[in-house]
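Enquirer: So you can see what is in the structure, the chains are spelled out below.
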Amino acid sequence: MIDKLLFGVGLASGLYLVRNLYTMLVVLPDEAAQGMIYRIMFFHIPSWWTCFLCFLIAGSASAYSITKKNFRADSLAVAVTEVGLAFTFVGLATGMIWAKIIWGIWWTWDARLTWAFITALTYAAYLMMRNMIPDPSERMRVSGALNVFSFASVVICYKAIDWWRTQHPAAVMSFRTGGGNIDPAMEGMTYHNFFAFILLCTVMVVVRLRQEETRREIEGLRRLAYAG
Amino acid sequence: MDQRNFTYMFYGFAAAWLILAIYVVSLVSRGRKLQDQLETLKRTLSQEKL
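Protein sequence lines correspond, in order, to chains F and B.
Reminder that position 80 of the first sequence reads as 80 in this note's numbering, one-by-one numbering, no gaps.
Reminder that position 22 of the second sequence reads as 22 in this note's numbering, one-by-one numbering, no gaps.
Hints listed in this document are in silico derivations from the structure and should not be mistaken for laboratory results.
Wrong hints could be hidden among the right ones.
[As the list claims (entries may be wrong)] Just so you have them, the derived chain B footprint on chain F, three or more residues with Cβ under 8 Å: (1) 91-98; (2) 134-140; (3) 197-207; (4) 210-224.
[Stated by the list, open to error] Which stretches of chain B does chain F cover? Using the computed rule of at least three CB atoms under 8 Å from a CB of chain F, they are: (5) 2-8; (6) 12-24; (7) 35-41.
Positions of the beta carbon are idealized from the N, C-alpha and C atoms, including for glycine.
Starting from the given sequences, assemble the full structure and let the hints guide the process.
Expert: And the structure:
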């Protein structure tokens, strides 16, 4: 039943993404200053929102797992973090490609970009750290604490464009500026792709969560085998 | 500029899809490995009991 539901949601997200692709390529016009390259933003911005949402859920799940000693919440934290990291790489890669055309460079150590890079490194460190701690309770406690504190880097990354006005463009979405900085159709397209990413992300998280539960079961059986 | 603009837009879209596709493939292959490990372990334990 869950498999069928997962397949359905995955299919829906795929169709939604194809529909969005058609709208952004055929229906929406080129942007006046940037030309057609601005369409990368329909992947860049939603992928960052998706990974920020993933890291918020991961931090909350880690906090819950530490306080309640709940292994299922710990599994959720690792699943959401890993999927969030995949979306972080999408955000970084698409941003770099856009920057090559608009700024003439792939990368610069601007405040937002630097914090985005630090955020990616921090969450990658969280995932690597988990493999280095053999005891499950210790792993949940130590890596969970890192996950909770890592969310500070997400907040700084999100606010960096307000706190330090450097190379990265300022916020354009109406919920941050009050409106008038972006065409409503282009803003709507960004939200559409965000919803499609959320659907896709949900499927990935559930699949990864089940794997984490299987891995935990294997760990338990191995201990049983060695004890016997 | 327009041709370059189009090419890089294509690279951007391709990069986004490719990263997600690679992750999905890695998820599927890891899932299979875990299932195999679980089956092997269960079989070993049941044989030990016998």
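Enquirer: Please go over all the hints and tell whether each is borne out by the structure.
Expert: Now the hints, each set against the structure:
no.: 1; hint: 91-98; in the structure: holds (count 4)
no.: 2; hint: 134-140; in the structure: violated (count 0)
no.: 3; hint: 197-207; in the structure: holds (count 3)
no.: 4; hint: 210-224; in the structure: holds (count 9)
no.: 5; hint: 2-8; in the structure: holds (count 5)
no.: 6; hint: 12-24; in the structure: holds (count 8)
no.: 7; hint: 35-41; in the structure: holds (count 4)
Hint compliance for this structure: hint 2 is the single one not met.
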